[in-house]
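J.: Spelled out, the chains give:
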Amino acid sequence: MSITKLDQMFDALRSKDKKRLVGAYTVDSHSIGAISKAIDLGIVDATLIGDIDLIKATCQEEKIDINKFEIIDEKVVKKAAQKACLFIREGKGDLIMKGLLDTATYMRALLNKETGLVPKGSMLSHMTVIEIPSYEKLLVVSDVAIIPLPDLKQKIAITNNVIKTCRDLKIENPKISILASSESATDKISANADAAVITKMAERGQIKGALVDGPLSLDLSIDQEAVAIKGFKSPVAGQADGIVFPNIESGNVFYKTVTKLVKAELAAMVVGASCPAILSSRGDTEQTKLYSIALAALSV
Amino acid sequence: MITKLDQMVDQVKNLNKKFRIAVAYAQDSNTIGAISKAINDGFIEAIMIGHAEKIKAVAKEAGIDHDIFKIVDVKDEIASIAKAVEMVRNDEADVLMKGLCGTDKFLRGVIDKEKGLLPPKATMTYVCALEIPKYHKLLFVTDTAVLPFPDLKQKTAMLNYSVAMARRFGIETPKVALISAAEKVSPHFESHSDYTQLCMMAKRGQIKNCIVDGPLDIFLACDQESVKIKGVPTPINGDADVLLFPSLEACNSFYKGQMLWAGAELAGLIQGTIKPVVVMSRSESPKSKYYCIALACLMV
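If you read the protein sequences in the order shown, they are chains G and U. Last residue of the first sequence: 300 in this note's numbering, with the numbers rising by one and none dropped. Last residue of the second sequence: 300 in this note's numbering, with the numbers rising by one and none dropped.
No lab work stands behind these hints: they were computed from the structure. Mixed in with the good hints, there may be bad ones.
Claimed, not checked - Derived BS3-like pairs: lysine-lysine, alpha-carbon spacing no greater than 30 Å straight-line:
| no. | chain 1 | residue 1 | chain 2 | residue 2 |
| --- | --- | --- | --- | --- |
| 1 | U | 153 | U | 184 |
| 2 | G | 208 | U | 208 |
| 3 | G | 233 | U | 153 |
| 4 | G | 233 | U | 203 |
| 5 | U | 275 | U | 113 |
| 6 | U | 228 | G | 208 |
| 7 | U | 184 | G | 170 |
| 8 | G | 137 | U | 230 |
| 9 | G | 233 | U | 184 |
| 10 | U | 113 | U | 134 |
| 11 | G | 137 | G | 164 |
| 12 | U | 228 | G | 233 |
| 13 | G | 208 | U | 203 |
| 14 | U | 230 | G | 153 |
| 15 | U | 60 | U | 113 |
| 16 | G | 188 | U | 203 |
| 17 | G | 164 | U | 230 |
| 18 | U | 275 | U | 208 |
| 19 | U | 153 | G | 188 |
| 20 | U | 275 | U | 4 |
The whole structure should be built from the sequences, with the hints applied where relevant.
T.: Next up, the structure:
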């Protein structure tokens, strides 16, 4: 049965092998708190790479038993990120998580040609899974954080990654909307033009494992009532499991709007590296980080 | 539903009308031959504009009584084209037809902004109805003659004109195949991006009254057996009514190949003009020339 609430990820993980999380400079209370909970839930074991003094202090402050982690002392932030990548490369970890360091430093470590985690020709993209109180299921959206203006080739890769993430969430034949401002076919707007190409590729079996339709507007993607009023016929419309946004602005505004204004919860990760990478922002809550760990663990 | 060009002629005859055809620079034996047959079959009357003495001489040589048509003496090539176009514009004739004049000069007269037959912003293109002995029905192909490299707007016009013509033949919902070398969508083919837009336009109801799919190769478009073997689900299903080609060269070569080796006959017509315009190649068979005249009458 497909996962329809973020909490259900924990149940789904129970039947899977425990994964090892590698924390890149995870010394702050939100990161350590989330990892600690994930350990308590039996989802992961964890290796924290960072300043041991800071880790100790945080654990003390948060009353967390430090012995549940393996700790590797590395006081230099950049080196901690690099070591975390090496750990994964050596097969000693299944997923990597960003701690108290700049996104740029973390991404540079992932992308480093010699010591990083991104295979040649692979493309990183960001997956966000949102639980919106008024929507009956989870929504996988992309790319809201990494690729500013994906071209057709990148959109195809993002579509495939969204499909994979939906399937990780046990959604059998996910419904994917390729978003635009309207459902009309036109070559005057690249969002609409690319959407038509991707839809046809799915029809031809060049994109597999999902029902794909686009261009679709946001209301036609997720609002059955709008679909009914417009008399619109589509296997995806009104019940999308995944949305591929035409650019980072539209995706970013969408996820921030739903999380800030309608109290949606979310989980997020970066895919395309040799293992899922958690890239939560420093502002994310412990709960979001915990969900992100669960999502990454599910997708391994 | 009309499946043979002779049935099209019968239908025109059954209209019990005499369509008035204005022939520009008419002193051409091929043209006079086809016109006289249509006159004898009772569905047209002809106004031959050109060098009066030469028209009479050509008719005499072909054993045709020149009294069966009206002759308007205009000796100059350009002036005779202008006169013929004017007569059609003024509703003194229903159909315009090219005689011995150059195709370039003739079409220049047709597209003249003030005195021509093409509405502003209209796309002029060419649609042929092909009767191929081995195919179970007529096949409408476009564009064999006018647009070298049609863009999306022009392809949309080509599609709409072909569908309108096929519907005149009693094919209520024509199946339109967008022709390429294979059915997989590839960014390497410029036509594929247009094709995916056309498919989406049909899906979204921006193009009506037809079923559209492409890219498809000729086999998937016209041969059910190939569809079965390749296992490509397509609503065209080897039963195409219309083939839309990516370029004039491709379409022109296709129809000429059918004429040369497969015993095909054709009826073709300029599209986009306010009244039907007949332009025939000198290499076409007398039968095809006659069919072109009948088609023009059907499309009045």
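J.: Now tell me if each hint is right for this structure.
T.: Now the hints, each set against the structure:
no.	hint	result
1	U:153 with U:184	holds (23 Å)
2	G:208 with U:208	holds (29 Å)
3	G:233 with U:153	holds (25 Å)
4	G:233 with U:203	holds (9 Å)
5	U:275 with U:113	holds (15 Å)
6	U:228 with G:208	holds (21 Å)
7	U:184 with G:170	holds (29 Å)
8	G:137 with U:230	violated (37 Å)
9	G:233 with U:184	holds (24 Å)
10	U:113 with U:134	violated (43 Å)
11	G:137 with G:164	holds (17 Å)
12	U:228 with G:233	holds (28 Å)
13	G:208 with U:203	holds (20 Å)
14	U:230 with G:153	holds (26 Å)
15	U:60 with U:113	violated (38 Å)
16	G:188 with U:203	holds (18 Å)
17	G:164 with U:230	holds (27 Å)
18	U:275 with U:208	holds (23 Å)
19	U:153 with G:188	holds (11 Å)
20	U:275 with U:4	holds (24 Å)
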